[in-house]
Amino acid sequence: MSNSFTIEQHNAREASTGQLSDSEGSNAALESKQPGDIEGEGKKKGFFARPWSRGKIGIFSALLFVGLGLVAIVIALPIIFTRKKHPDQGDTYHLYHSNHDDPSYKIKENRPVFAIHNFPDPGLLEHNGTWYAYGTNPKKHDPNAIHIPVATSTNFVNWTLHHDYDAMPTLGGWERSVNHWAPDVIQRDDGKFVIYYAGQTKDFKTHHCIGAAVSKGTDPLGPYIPLNESLACPHKYGGAIDPSPFKDSDGTLYVVYKADGNSVGSGGYCGNSRLPRSPVPIMLQELKSDGITKVGEPTTILDINDSDGPLVEAPDIIRTADGTYFLFFSSHCFTSLGYNVKYAHAKSVKGPYTRADRPLLQTTDFGLQAPGGATISKDGTKMVFHANCEGWRCMYASAIDIRAVNSTVVMSSLEFEVFGNSTTNSSSNTNTTSSVSS
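In this text, residue positions in the sequence shown follow UniProt numbering: the first is 1, and each later residue adds one.
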């Protein structure tokens, strides 16, 4: 029995000793761990504590990139929208000049009269009591389209478009297409008429140059026979457009036109609103009495300044009875609401010309949008021009009043001018009678 007890007692003691050893081991292990390790026991490891796979790295990189991009946009937007744009960098519309303070712009009877639908860049001629207007070809991509459309009027208010008539049915030998712009006409001493226009040339890509055509007989309607060579084509300026003839008081003939520098500009509105801008000079070329032979080299009489946007164009010259020359022209891009009718005056046809403080016509005047491309009657009392109308450029007719005292031009009533009901206009007309032809 005693041996048996001793063995059982020994076994019990061994078991007790083993339990104590295990407990001591656990306590030692616990003592070796840091408090943070003990607290995290049994919890999932955080996103940044676990090993990253390539997929997770790619996702994180993409999210980081998107986040940085959004931050950059948030920072840049206020700078973009509050930055002051240089006036030469664009041609979006704002009121470039204040509303006209002359009372003539507040008189509703002075509002220009709608004349012809889709008839831009009108040229003007009066002959034997009939008014003739010649317009830009509105269907430049149609090879069968009329080259130069014509409209007529006997009272300057009601106009008739000759739908099926082409004043110049054939192209000049230098032309590539029917893409004709801004025709204008003058009568020579021999009774024939010469029409000047801008045509697309064969040897200068898609640029335009000045062409001329002579009437077969003595009818302003023509038909006109074009020359085989262009009259003016300055390649260094990108060609030339918008010709207008002028006859001075001594009988000397000229053609004034725009060197088309914006067609080779740095881009932007009308190809020239980005810096550096190309020069866009208005040129004056003397002609022989035949109206088609050049005399000497052309003279620059005007160029763009900071108030003109990317260009000046559509020049037209008249001379008043007191010997003052008025140069009418448009500035800004014709596709923008900044397009307008400006003018300048000089004591010599070759300048220098002094610009008026404010355009004769601009957007908001009489509810018009983008008025431009004006031609003035030879006596300085009437004007045709185009303005936006339901997605087109339509011709308008109006009366103007040239004030000799300060060489300013304002709007007048066409109804009064035509029917002789205005003593103001009848008196001012005596100051603007001219021997020129426009």
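Quick caveat, the hints were computed from the structure, so don't treat them as lab data. Please read all numbers here as calculations on a predicted model, not as lab measurements. Some hints here could point you the wrong way.
Listed next, the in silico DSS-like pairs over lysine-lysine satisfying Cα-Cα at most 27 Å (straight line) [as the list claims (entries may be wrong)]:
id, residue 1, residue 2
1, LYS216, LYS106
2, LYS139, LYS205
3, LYS205, LYS192
4, LYS202, LYS350
5, LYS56, LYS192
6, LYS236, LYS216
7, LYS347, LYS294
8, LYS294, LYS350
9, LYS139, LYS56
10, LYS236, LYS192
11, LYS108, LYS216
12, LYS236, LYS56
13, LYS236, LYS288
14, LYS205, LYS294
15, LYS139, LYS106
16, LYS106, LYS202
17, LYS192, LYS106
18, LYS139, LYS216
19, LYS236, LYS294
Now for the hints, and whether the structure bears them out:
no. : hint               : in the structure
1   : LYS216 with LYS106 : violated (46 Å)
2   : LYS139 with LYS205 : holds (20 Å)
3   : LYS205 with LYS192 : violated (33 Å)
4   : LYS202 with LYS350 : violated (31 Å)
5   : LYS56 with LYS192  : violated (86 Å)
6   : LYS236 with LYS216 : violated (34 Å)
7   : LYS347 with LYS294 : holds (23 Å)
8   : LYS294 with LYS350 : holds (16 Å)
9   : LYS139 with LYS56  : violated (61 Å)
10  : LYS236 with LYS192 : violated (33 Å)
11  : LYS108 with LYS216 : violated (43 Å)
12  : LYS236 with LYS56  : violated (60 Å)
13  : LYS236 with LYS288 : holds (25 Å)
14  : LYS205 with LYS294 : holds (24 Å)
15  : LYS139 with LYS106 : violated (37 Å)
16  : LYS106 with LYS202 : violated (49 Å)
17  : LYS192 with LYS106 : violated (42 Å)
18  : LYS139 with LYS216 : holds (25 Å)
19  : LYS236 with LYS294 : holds (19 Å)
Violated hints, listed in ascending order, are 1, 3, 4, 5, 6, 9, 10, 11, 12, 15, 16, 17; each of the other numbered hints is respected by the structure.
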